[in-house]
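Trainee: Chains as they are written, first to last, in my numbering: chain A, 16 to 427; chain B, 311 to 544.
Be aware that one or more of the hints could be misleading.
Claimed, not checked - In silico SDA-like links for lysine to any residue, alpha-carbon gap of 25 angstroms or less:
id	chain 1	residue 1	chain 2	residue 2
1	B	477	B	532
2	B	534	A	422
3	B	477	B	456
4	B	387	A	324
5	B	387	A	418
6	B	390	A	306
7	B	395	B	425
8	B	331	B	372
Claimed, not checked - With the C-beta cut set under 7 angstroms, the calculated list includes, among others, these residues of chain A facing chain B:
id	residue
9	23
10	26
11	186
12	188
13	192
14	318
15	319
16	422
No wet-lab data here; the hints were simulated from the structure.
Heads up, the beta-carbon is just placed ideally off N, CA and C, and yes, glycines get one too.
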Amino acid sequence: MLGSTLSMAWRNLGRNRRRTALALAAIAIAQMSVLLVDGLMHGFVDSTLEALTGPMMGDVQVHHPEWREERAPDLVLEDAAAKVEATRAVDGVESAYARIYAPALAAREVDGFAVMVVGIDVDAERAGGGLLQGLAAEASPAPGRVLVGARLAREQGLSVGDELAIMGAAADGSIANDLLTVSGILSTPVEAIDRRGLIVPLESAQDIFAMPDQAHEITVHGEGGPGDAAALAGRLGALPALDGLEVLPWDELSPELAQFFEIAGAYGYIVMLIVFLAAAAGVINTMLMATFERRREIGMMLSLGTTPGRLVRMIVFEAVILGLLGVLIGSALGALIVVYQGQTGVSFYDPAAEGAAGIAVYGVNFSRDMYPRLVAGDFVPGFVGISVISVLAALWPALAAARLEPVEAMRG
Amino acid sequence: MTSKPYVAVAEGVTKVFKNGKLEVQALRGIDLSIEAGDFVALVGPSGSGKTTLLNLLGALDQPTSGEVELVGQRLTKLGKAQRAKLRLGSLGFVFQAYNLVPVLTAAENVEFVLELQGVGKAQRRARALEVLGELGLAELADRRPNELSGGQQQRVAVARAVASRPKLVLADEPTANLDTDNAEQLMQAMETLHDEHGVTFVFSTHDPRVVAHASRVVRLVDGKITSDERREER
Numbered sequence: 016m017l018g019s020t021l022s023m024a025w026r027n028l029g030r031n032r033r034r035t036a037l038a039l040a041a042i043a044i045a046q047m048s049v050l051l052v053d054g055l056m057h058g059f060v061d062s063t064l065e066a067l068t069g070p071m072m073g074d075v076q077v078h079h080p081e082w083r084e085e086r087a088p089d090l091v092l093e094d095a096a097a098k099v100e101a102t103r104a105v106d107g108v109e110s111a112y113a114r115i116y117a118p119a120l121a122a123r124e125v126d127g128f129a130v131m132v133v134g135i136d137v138d139a140e141r142a143g144g145g146l147l148q149g150l151a152a153e154a155s156p157a158p159g160r161v162l163v164g165a166r167l168a169r170e171q172g173l174s175v176g177d178e179l180a181i182m183g184a185a186a187d188g189s190i191a192n193d194l195l196t197v198s199g200i201l202s203t204p205v206e207a208i209d210r211r212g213l214i215v216p217l218e219s220a221q222d223i224f225a226m227p228d229q230a231h232e233i234t235v236h237g238e239g240g241p242g243d244a245a246a247l248a249g250r251l252g253a254l255p256a257l258d259g260l261e262v263l264p265w266d267e268l269s270p271e272l273a274q275f276f277e278i279a280g281a282y283g284y285i286v287m288l289i290v291f292l293a294a295a296a297g298v299i300n301t302m303l304m305a306t307f308e309r310r311r312e313i314g315m316m317l318s319l320g321t322t323p324g325r326l327v328r329m330i331v332f333e334a335v336i337l338g339l340l341g342v343l344i345g346s347a348l349g350a351l352i353v354v355y356q357g358q359t360g361v362s363f364y365d366p367a368a369e370g371a372a373g374i375a376v377y378g379v380n381f382s383r384d385m386y387p388r389l390v391a392g393d394f395v396p397g398f399v400g401i402s403v404i405s406v407l408a409a410l411w412p413a414l415a416a417a418r419l420e421p422v423e424a425m426r427g
Numbered sequence: 311m312t313s314k315p316y317v318a319v320a321e322g323v324t325k326v327f328k329n330g331k332l333e334v335q336a337l338r339g340i341d342l343s344i345e346a347g348d349f350v351a352l353v354g355p356s357g358s359g360k361t362t363l364l365n366l367l368g369a370l371d372q373p374t375s376g377e378v379e380l381v382g383q384r385l386t387k388l389g390k391a392q393r394a395k396l397r398l399g400s401l402g403f404v405f406q407a408y409n410l411v412p413v414l415t416a417a418e419n420v421e422f423v424l425e426l427q428g429v430g431k432a433q434r435r436a437r438a439l440e441v442l443g444e445l446g447l448a449e450l451a452d453r454r455p456n457e458l459s460g461g462q463q464q465r466v467a468v469a470r471a472v473a474s475r476p477k478l479v480l481a482d483e484p485t486a487n488l489d490t491d492n493a494e495q496l497m498q499a500m501e502t503l504h505d506e507h508g509v510t511f512v513f514s515t516h517d518p519r520v521v522a523h524a525s526r527v528v529r530l531v532d533g534k535i536t537s538d539e540r541r542e543e544r
């Protein structure tokens with residue numbers, strides 16, 4: 016009997032094809048909109064995380080427990096090379112490298128300007144995921160040769176071959192100074208590097224700032240990416256070589272960014288709620304009209320002995336089929352569009368604009384395209400939500416119809 | 311002559327419809343007994359109470375006063391669900407209009423009541439085709455109502471009404487929307503089912519040509535039975 020009730024429900028949808036098509040369109044557009052927003056959100060989060068954790072932050076960082084708070088040059092990691100080696104040996108670590116961050120004054124001629132000297136493992140950071148990914152070997156920093164952030168170079172009129180004098184505080188309390196030659200200009204989405212960064216080899220930074228085998232940070236990239244950062248931080252934290260040090264995943268290093276993603280997610284839910292309400296209106300309207308129009312027929316069916324339960328099931332099935340079909344169509348369309356966008360990319364900004372710096376969020380410039388994508392869980396709210404809405408939308412007219420006296424219903 | 315069992319009995323039945331403060335007395339003390347095998351025409355002008363009486367005999371409505379007994383069960387003692395069960399198990403209906411489920415084929419419409427009764431798929435299909443065949447509709451079994459003429463639709467409704475072998479079939483002006491030829495075909499079909507299978511029919515009409523088919527004619531005027539005449543020959 017369930018089969019024939021379903022069959023009748025299905026056929027009833029074909030009785031007023033225009034109305035059914037309109038309701039289907041409303042539901043499909045709702046689901047498609049939700050998927051497009053989800054796809055954009057995922058793409059946005061991916062590109063943000065990639066920009067942030069990729070070249071600069073990594074998935075996990077290791078510091079002296081007070082360094083992040085005070086940024087004092089002497090809050091260092093001792094035996095940096097050994098610590099990096101121990102870190103690289105941990106399960107799930109893709110790459111790890113030490114860095115030095117030293118604020119300094121730089122001058123090309125007379126006027127000085129503030130810079131951040133960043134000492135990096137050149138080979139490791141060119142290999143993948145680091146600040147120098149994709150940089151030509153001849154442009155790489157070397158002893159006495161420095162890479163300059165693109166915006167800093169533009170603002171200070173620096174070009175390759177220029178000489179820069181730098182002066183800052185060394186870790187041992189002495190004055191650090193050196194004369195460096197600009198070997199290249201670095202374009203990076205990391206705003207702090209772009210605006211103030213001078214990149215030098217780690218060994219040079221250790222020499223300049225009196226930090227033998229010391230560093231301020233170990234940046235770690237995990238095989239599981241940002242999503243696995245917390246677990247990776249847990250494993251690294253248990254490493255004896257890192258005992259007493261602060262080991263934090265990206266979302267604790269940048270809680271405001273994590274919160275930003277949460278807000279973005281909440282925005283997605285609001286969009287979902289609005290479009291589902293629109294879809295609900297479509298289903299309610301369709302089912303009310305359909306039930307009202309079939310009042311005499313319902314009366315006839317009740318006269319023949321149809322139970323109220325079967326009548327309710329038939330009307331509810333009709334609404335659920337309508338809802339699920341709409342969600343299926345919307346899912347297919349939404350997935351197709353998101354897959355296409357995922358291949359072509361969606362640009363945040365006008366690349367021809369002056370500076371083309373893109374949008375800066377939490378110190379990261381989004382000067383790249385983002386690539387929308389979907390995960391299986393994105394489809395679930397639509398299927399569940401629309402099913403529930405369809406049942407609720409159909410229950411009212413269905414129960415009203417089931418309560419009718421046959422004679423009363425057949426009078427119309 | 312041995313008396314046949316009664317399938318429906320109305321005793322002192324009245325029905326009053328209220329519309330605001332207005333009361334309409336549709337039936338005024340009806341006493342009527344329908345015997346198994348009867349072929350009864352309820353005749354009377356519009357507003358005489360024919361449909362109201364059929365609705366009461368069909369357990370579709372409750373009398374204001376008096377008693378209606380259907381196949382041994384008193385309607386006043388039955389709730390809504392029990393009345394629905396009684397209708398499903400013992401009665402067949404042919405209505406004036408809106409008789410068939412538009413999304414079902416002729417055969418599926420006939421099967422509908424059998425399915426509600428819990429008859430298996432193969433068995434109900436076979437029964438539906440058998441009845442449709444008896445009524446000359448075998449070739450139209452897979453057509454939907456909108457692909458059938460008005461007369462064919464009413465014959466499908468008759469097929470559905472008798473398919474479950476009910477004790478009583480009630481037909482409310484079944485020929486009202488049909489032309490003369492189709493009305494005649496329908497009445498002949500009902501008559502055949504009555505004569506060959508002993509199906510008990512009570513139908514309302516005001517068409518003298520339809521009345522001519524009845525073996526018993528009950529006349530109603532202003533909610534009262536003015537005559538109840540049995541005829542030996544039709």
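Trainee: Hint by hint, say whether it matches the structure.
Mentor: Results for each hint:
no.: 1; hint: B:477 with B:532; result: 28 angstroms, violated
no.: 2; hint: B:534 with A:422; result: 21 angstroms, holds
no.: 3; hint: B:477 with B:456; result: 30 angstroms, violated
no.: 4; hint: B:387 with A:324; result: 22 angstroms, holds
no.: 5; hint: B:387 with A:418; result: 20 angstroms, holds
no.: 6; hint: B:390 with A:306; result: 21 angstroms, holds
no.: 7; hint: B:395 with B:425; result: 13 angstroms, holds
no.: 8; hint: B:331 with B:372; result: 20 angstroms, holds
no.: 9; hint: 23; result: 6 angstroms, holds
no.: 10; hint: 26; result: 4 angstroms, holds
no.: 11; hint: 186; result: 84 angstroms, violated
no.: 12; hint: 188; result: 90 angstroms, violated
no.: 13; hint: 192; result: 90 angstroms, violated
no.: 14; hint: 318; result: 6 angstroms, holds
no.: 15; hint: 319; result: 5 angstroms, holds
no.: 16; hint: 422; result: 5 angstroms, holds
Consistency note: the structure conflicts with the earlier hints numbered 1, 3, 11, 12, 13.
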